[in-house]
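Could you put the whole structure together from the sequences, leaning on the hints where they help?
Listed below, chain by chain, are the residues.
Number of protein chains: 2
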Amino acid sequence: MDAEIISVGTELLTGSILNTNSQYLAKELSNLGVNVHFITTVGDNPERLSTSFNQAYSCNDIILITGGLGPTEDDLTKEVVAENLGLELIENPKEKERIINWFKDRNFHLTKNNFKQALIPENATILENKSGTASGVYINKDGKHIFLLPGPPGEMKHVFNTSVVDIINELNNQEVITNYYNLTGIGESEVEDRIFDLIDNQTNPTLATYAKRGEVLLRVTANGKNAKQKLEEIDSKIKNKLENFIFSYTDQTLAKTVGKYLIDHHLTISTAESCTGGMIGSILTDIPGISSSYMLGLITYSNEAKIKELHVKPETLDKFGAVSEETCYEMCNNVRKILNTDIGVATTGIAGPDGGTKDKPVGLVYTGIATKDFVVIKKNLFQGTRENIRYRSANMVFQMIRNEFFKIY
Amino acid sequence: MDAEIISVGTELLTGSILNTNSQYLAKELSNLGVNVHFITTVGDNPERLSTSFNQAYSCNDIILITGGLGPTEDDLTKEVVAENLGLELIENPKEKERIINWFKDRNFHLTKNNFKQALIPENATILENKSGTASGVYINKDGKHIFLLPGPPGEMKHVFNTSVVDIINELNNQEVITNYYNLTGIGESEVEDRIFDLIDNQTNPTLATYAKRGEVLLRVTANGKNAKQKLEEIDSKIKNKLENFIFSYTDQTLAKTVGKYLIDHHLTISTAESCTGGMIGSILTDIPGISSSYMLGLITYSNEAKIKELHVKPETLDKFGAVSEETCYEMCNNVRKILNTDIGVATTGIAGPDGGTKDKPVGLVYTGIATKDFVVIKKNLFQGTRENIRYRSANMVFQMIRNEFFKIY
Numbered sequence: 113m114d115a116e117i118i119s120v121g122t123e124l125l126t127g128s129i130l131n132t133n134s135q136y137l138a139k140e141l142s143n144l145g146v147n148v149h150f151i152t153t154v155g156d157n158p159e160r161l162s163t164s165f166n167q168a169y170s171c172n173d174i175i176l177i178t179g180g181l182g183p184t185e186d187d188l189t190k191e192v193v194a195e196n197l198g199l200e201l202i203e204n205p206k207e208k209e210r211i212i213n214w215f216k217d218r219n220f221h222l223t224k225n226n227f228k229q230a231l232i233p234e235n236a237t238i239l240e241n242k243s244g245t246a247s248g249v250y251i252n253k254d255g256k257h258i259f260l261l262p263g264p265p266g267e268m269k270h271v272f273n274t275s276v277v278d279i280i281n282e283l284n285n286q287e288v289i290t291n292y293y294n295l296t297g298i299g300e301s302e303v304e305d306r307i308f309d310l311i312d313n314q315t316n317p318t319l320a321t322y323a324k325r326g327e328v329l330l331r332v333t334a335n336g337k338n339a340k341q342k343l344e345e346i347d348s349k350i351k352n353k354l355e356n357f358i359f360s361y362t363d364q365t366l367a368k369t370v371g372k373y374l375i376d377h378h379l380t381i382s383t384a385e386s387c388t389g390g391m392i393g394s395i396l397t398d399i400p401g402i403s404s405s406y407m408l409g410l411i412t413y414s415n416e417a418k419i420k421e422l423h424v425k426p427e428t429l430d431k432f433g434a435v436s437e438e439t440c441y442e443m444c445n446n447v448r449k450i451l452n453t454d455i456g457v458a459t460t461g462i463a464g465p466d467g468g469t470k471d472k473p474v475g476l477v478y479t480g481i482a483t484k485d486f487v488v489i490k491k492n493l494f495q496g497t498r499e500n501i502r503y504r505s506a507n508m509v510f511q512m513i514r515n516e517f518f519k520i521y
Numbered sequence: 113m114d115a116e117i118i119s120v121g122t123e124l125l126t127g128s129i130l131n132t133n134s135q136y137l138a139k140e141l142s143n144l145g146v147n148v149h150f151i152t153t154v155g156d157n158p159e160r161l162s163t164s165f166n167q168a169y170s171c172n173d174i175i176l177i178t179g180g181l182g183p184t185e186d187d188l189t190k191e192v193v194a195e196n197l198g199l200e201l202i203e204n205p206k207e208k209e210r211i212i213n214w215f216k217d218r219n220f221h222l223t224k225n226n227f228k229q230a231l232i233p234e235n236a237t238i239l240e241n242k243s244g245t246a247s248g249v250y251i252n253k254d255g256k257h258i259f260l261l262p263g264p265p266g267e268m269k270h271v272f273n274t275s276v277v278d279i280i281n282e283l284n285n286q287e288v289i290t291n292y293y294n295l296t297g298i299g300e301s302e303v304e305d306r307i308f309d310l311i312d313n314q315t316n317p318t319l320a321t322y323a324k325r326g327e328v329l330l331r332v333t334a335n336g337k338n339a340k341q342k343l344e345e346i347d348s349k350i351k352n353k354l355e356n357f358i359f360s361y362t363d364q365t366l367a368k369t370v371g372k373y374l375i376d377h378h379l380t381i382s383t384a385e386s387c388t389g390g391m392i393g394s395i396l397t398d399i400p401g402i403s404s405s406y407m408l409g410l411i412t413y414s415n416e417a418k419i420k421e422l423h424v425k426p427e428t429l430d431k432f433g434a435v436s437e438e439t440c441y442e443m444c445n446n447v448r449k450i451l452n453t454d455i456g457v458a459t460t461g462i463a464g465p466d467g468g469t470k471d472k473p474v475g476l477v478y479t480g481i482a483t484k485d486f487v488v489i490k491k492n493l494f495q496g497t498r499e500n501i502r503y504r505s506a507n508m509v510f511q512m513i514r515n516e517f518f519k520i521y
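Protein chains in written order, with this note's numbering: chain R, 113 to 521; chain G, 113 to 521.
Take the hints with a grain of salt, since some may be wrong.
All copies of an identical chain are treated as equivalent in the list; a pair is satisfied when it fits inside any one copy or across any two copies.
What the hints assert, rightly or not - Using 20 Å as the maximum straight-line C-alpha spacing, the simulated SDA-like pairs for lysine to any residue come out as follows:
1) Lys253 with Glu191
2) Lys253 with Asn338
3) Lys256 with Ser275
4) Lys420 with Ile450
5) Lys242 with Asp466
6) Lys420 with Leu451
7) Lys470 with Asp217
8) Lys269 with Lys324
9) Lys472 with Thr497
10) Lys490 with Asp217
11) Lys224 with Ile311
12) Lys351 with Pro426
13) Lys269 with Glu499
14) Lys337 with Asn285
15) Lys420 with Thr380
16) Lys372 with Ser404
17) Lys139 with Gly266
18) Lys431 with Ile419
19) Lys256 with Asn196
20) Lys425 with Ile450
21) Lys425 with Leu451
22) Lys349 with Gly266
23) Lys224 with Ser301
24) Lys224 with Lys269
25) Lys368 with Asp454
26) Lys372 with Lys519
27) Lys368 with Arg498
28) Lys351 with Ile520
Keep in mind the hints are simulated off the structure, nothing from the lab.
Take a look at the structure:
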């Protein structure tokens, strides 16, 4: 089946936001065996959206449109599509009720234009959106399949995964099974290099890599009657080439995997963060249930805080500096002792853009992990922006916990 | 002038790479006063590229095409464009020499197909590319301006900035000015509701709203000779309707604005985070230069940490619970005193998905701010996912600092 993706939004045409939705959908559709032939971006302009829609409609089986489902005047996707297909827009009572409740629950002020979101083209299927006010819409007309999805990436992915995938699979009429391999400590291009022969010319199963920061997700999808057997055959080949880097098979991030491991094994942890400034704590506390493991975090950006709260020796700071193996050692070791947790971790480094010297350049970060039995300190030299250096530092701490406590979980 | 951007490459249609080129060009063209009406992505397929090119040619003044200028069989941009415009491709001796030298300088092996890159449409202008082998091409025909740019982002930007900008400025010959209004404490749809009459039917200046989490950006752009005067005229109307919500005119986030305010005014701050778990610290420390203001952060997820590190009274926790106005009061007040900073802030709440009760439901969050002169505690009831509740809590703290210390900065 052939598809076109249309992204609607003037903010995309002015470059105010990056179109990540299209890449996501293109990848997902490819994995579902759908050929994407065009990706079009068009503004909040009914004439031009009409032009794009009609052209897409004329030469594709599937059309996915993201954006323009909001409550404001310039959200026109449903209106334009309905008009071009000769469908009426009808206020859906259930949708109206849902919107009223949504605003009531949040104590938000409901305005008249919010009810625009309850208008649904006749005979269309509503695709539930649990993350926002704009439901998705599925129209099946004259053998064409049109999906209207909300623009915000989180909502778009949610609606796509909970509704669109099943419909496309049904159209495709085939079983699809996916295996995930979560990798860390290796870059995406090296992953591809190592399994080049498996990727090349593979159509079933298909192999796709997704680079996340500090992690790579390898997704292997097979379809048809022997899908399961096909996945088993390739599984041993993949493990043979990548085993050391696999930390999970669950499509979960490294941080979530580490967090789950700590919770399940009743391990407690404390954090002492300098350059990451709370990022490790923030990532940890995004994991539901972590309160049984995460006891204490100290963000000691200043030397004064390092001395007073973390009991780093002033001599250590004087002699070696805040960004040093010695300071990092005391940070992770001391923070662990405050509430006597099983693990203490620490970061101290120079995130930039200023503050670097010849001996201690921007990107130099010490990351440490301490238990009652051992302390490990790692010296890293990260590249990139301030944000990137900080993220890689946090990620390295999770890698170090993984390396010391488990391989695959 | 109207423009379309066409990105060529099958790897974009399979989602293998993210199309950052289009965003870059869209933003740059907008800033140059060019209206981008469509962004199209098409694969390495001559028929479909022809379709896209002809459609773009029919309704735009400027067409920018990136990608497909390489030496391989499926690099076909020059071929397709030349054929559609009835232009011959001619081997350019200087280009050929440049390519030979490029390979000689790098000790790379030159193959016959590399000379494909020396083929240039007749009467076209070569746009020098110092970063790669594919030169850009500028074709000016029948009042249309067609730019062919290399696909690798570094090379694309280089050719765009060194050649294309000057050509477009010369074509354009007009002034474009943009004003920004950063708003907080109001939703996007309410912003539009309030300035409905200004947005509706406005073509110069144009008004556009962009929703970020907890914030709205209003962008007002005018062009032409009276651009400045037009912006001044509408400015008072906007302020009249939205003044209370404006925190900046700089296109900066609320957190960055608050951070800059603290740094510029030599105000020091400490944080005590429970449900946000380091997110406030992490957002603060993403701001370069914040080390002079941000003294200490405590992530006190456990009651033990609240008592031992933050000196919250056990009686307070017993009597009112960790999620209470009283605990929040002690948290922000006590954390401020540890290093005697000007400001202390705190969060304590139930981020979910579990842990809620009838009296204290998921989403109940107390946010507090303390100085030596006053303490303000706010009771919030946030909706949404765990991540969303935590983000809104952090954002509320920045809103509270803004409300107490400045209105607009």
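Could you figure out if Lys368 and Arg498 sit no more than 20 Å apart (CA to CA) within one copy, between two copies, both or neither? For Lys368 and Arg498, only the inter-copy Cα distance (14 Å) is at most 20 Å; the intra-copy one is 23 Å.
If the cut is 20 Å between Cα atoms, do Lys256 and Ser275 qualify within a copy, between copies, both or neither? The answer is within: 17 Å in one copy meets 20 Å, while 44 Å across copies does not.
Between Lys351 and Pro426, at a C-alpha cutoff of 20 Å, which is it: within one copy, between copies, both, or neither? So Lys351 and Pro426 fail the 20 Å test inside a copy (48 Å) and across (52 Å) alike.
My question is about Lys253 and Asn338: at a cut-off of 20 Å on alpha-carbon distance, are they close within one copy, between copies, both, or neither? For Lys253 and Asn338, neither the intra-copy (32 Å) nor the inter-copy (50 Å) Cα distance is at most 20 Å.
Alpha-carbon proximity between Lys490 and Asp217, which holds within one copy, between copies, both or neither at 20 Å: between (48 Å within a copy, 19 Å between copies)
Homomeric proximity label, Lys269 with Lys324: Cα distance no greater than 20 Å: both (16 Å within a copy, 18 Å between copies)
Under a CA distance limit of 20 Å, which applies to Lys224 and Ile311: within one copy, between copies, both, or neither? between (52 Å within a copy, 17 Å between copies)
Quick one: Lys470 to Asp217, C-alpha cut-off 20 Å, is that within a copy, between copies, both, or neither? between (56 Å within a copy, 14 Å between copies)
Cα distance capped at 20 Å. Does Lys420 pair with Leu451 within a copy, between copies, both, or neither? both (16 Å within a copy, 9 Å between copies)
At most 20 Å between C-alpha atoms: does Lys269 with Glu499 qualify within a copy, between copies, both, or neither? between (25 Å within a copy, 16 Å between copies)
If the cutoff is 20 Å on CA atoms, where do Lys372 and Lys519 land: within, between, both or neither? Let me know, please. Close inside one copy (14 Å), not across copies (43 Å); limit 20 Å.
Is it within a copy, between copies, both, or neither that the alpha carbon of Lys349 lies no farther than 20 Å from that of Gly266? neither (34 Å within a copy, 35 Å between copies)
Against the hints set out earlier in the document, violations occur for numbers 2, 12, 22 and 24.
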